[in-house]
Amino acid sequence: MKFIERLTTIDRRIIYIILVIVVVIPLISRSPERVRVMLPVEKLYNAVDTIPKDKVLIIDFEYAPQDMPELEPMGFALLRHAFEKRIKVLALCLFVQPLGLAQKALTQVTEEFNSVAQSNADSIIYGRDYVFLGWQPPPLIPIIGMGTSITNVYPSDYYGNKTDTLPLMKHIKNYNDVALLVSLCAGSIPRSWIAYAQNRFGVAVAAGVTAVSAADFYQYYQTGQFTGLMTGMKGAAEYEELVETRLGIKKSRKASEALPSLTYGHLVMIAFIIIGNVGYFMQRRRRK
Amino acid sequence: MKRTFPLILVFIFGIIGIITFIIPHPIVQNLDESIRNDILKILVAFALVLGLGSLLKVHMDKIKRKRENWKYSWILIISFLVSSIIGLFGGVEGAGPLRTSIGSFHFDIQTLYENIFMPLGATMFALLAFYMASASYRAFRARSYEATLLLITAFIIMIGIIPLGEKISPHLPSFAQWIMTVPNVAGQRGILLGVALGIIATSLKIILGIERSWLGGGE
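Note that the protein sequences, when read in sequence, are chains A and B.
The opening position of the first sequence corresponds to residue 0 in numbering that gives the first Met the number 0, with each subsequent residue numbered one higher.
The opening position of the second sequence corresponds to residue 0 in numbering that gives the first Met the number 0, with each subsequent residue numbered one higher.
Watch out, some of these pointers could steer you wrong.
[Said to hold, decoys possible] Okay, derived cross-link-like pairs now, SDA-like style, lysine to any residue, Cα gap no bigger than 25 angstroms in a straight line: (1) A:K172 x B:V27; (2) A:K84 x A:G186; (3) B:K166 x A:S260; (4) B:K40 x A:I140; (5) A:K103 x B:V27; (6) A:K103 x B:R188; (7) A:K84 x A:R35; (8) A:K42 x B:R188; (9) B:K70 x B:L54; (10) B:K166 x A:Y263; (11) A:K52 x A:F94; (12) A:K161 x A:F94; (13) A:K42 x A:A194.
By construction, these hints were calculated from the structure, which means they are not laboratory data.
Isolated chain A (complex conformation) (with noise of 0.2 angstroms):
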């Protein structure tokens, strides 16, 4: 009998420390786990890479520290595809809180190939291979807008220059320039881009959400809305094995460095929930 209510009763600080130890243990190791690519990560893949030279790829960065350990690793591994292929970016946020972490994002993979540059055209320089067109509330504004002209929506950037006076801008006027818009986010912000964006200016759309998010936007990825859908962890992983396995990145690859994680933490909770379900039907069946 006490064994019984034992399963059914473990504290719940036992659950925690074996949630911590699973979880931290493997991250501390940081050895990268090898993933299959899904097809629908390689047909966004697909869509960044065929972007042609006088066409931009815009960047929604959509999420804040909450959503980094899923969202991050794609926001990188798509600045990285697009800035080795010379794909021309846009990035931008509807909400303030990502800021920072868009910010940080196009910062840190700028340095990245800054670094290694030879020359002026090798470098990634602000202005004529990306621009950060900052915030522009409510969201609705510049989804709708930038159909008609993004430097109307976005008179300056994030950093207060006017947009009209940077050389990449002078040739990018609205959507129909815009060859891909990839929307990173854990809300319900891609689903505005299909109703307000595609559906009025037919620009492309694509996706990265949290997994746990997934399940409402496999629907658009099933009727072609979007070009493309990263879906968690799992699916910035396959992102950056593409960017190392055909354009040679070897970076830091942070959603395949955590996937260990993510596996034994699943495992831990598939456990727990066998151990709690067993104790039920055990102490059930005694009742009987």
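Given the coordinates of chain A, assemble chain B onto it according to the supplied hints.
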């Protein structure tokens, strides 16, 4: 008039919002652009000031009346003022007129964001993993046919999205993907269609003045 004027405004702007999606004529499109780029921005700025003002007022009041946990309100007010001053006058990464470094010690808005906001936000969310593990152990029981189905599906997805799934069977990740793209999509799409129809009905009721609860008070 107090109630009629807002109703007229909602009707006019609601109709304009709809027709811009249907009529591509430049007059309508320019009007739409002007509403979005000029009027809406001003309204949002007012809303922002009102929101921040209200936040400060609530916490000042809490301190004044010494309500429960009133001391934490000081932290909010001080953090609000410090980050506002540094953000407004310090510029991004210390590019503004306000000096945001003493020697090698930087306190510009990006440094504050990376060293205070990011760890705090990440910590709050990290706690969720522990609550989820504990709650799923206590509550996730195969009590009925539906609950058993949910449990099995959850296990397949949880194992299918980790590299171990691939090692168990190469079909497992594909099966997890199939669950997400077929049965999940069917359910989600049904919900979405229902929600969309509900939104259309509610929007029309508000625009036509049938639904008036947003005006406040009872009628």
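Structure-based check of all given hints:
1. A:K172 x B:V27: 21 angstroms, holds
2. A:K84 x A:G186: 29 angstroms, violated
3. B:K166 x A:S260: 16 angstroms, holds
4. B:K40 x A:I140: Holds, at about 8 angstroms.
5. A:K103 x B:V27: Given that 25 angstroms is the threshold and the Cα spacing comes to 40 angstroms, the pair is violated.
6. A:K103 x B:R188: Status violated; Cα separation ~36 angstroms.
7. A:K84 x A:R35: Satisfied, since the Cα-Cα distance of roughly 23 angstroms is no more than 25 angstroms.
8. A:K42 x B:R188: 22 angstroms, holds
9. B:K70 x B:L54: Given pair K70 of chain B, L54 of chain B holds - Cα atoms ~15 angstroms apart, limit 25 angstroms.
10. B:K166 x A:Y263: 14 angstroms, holds
11. A:K52 x A:F94: 29 angstroms, violated
12. A:K161 x A:F94: 21 angstroms, holds
13. A:K42 x A:A194: 21 angstroms, holds
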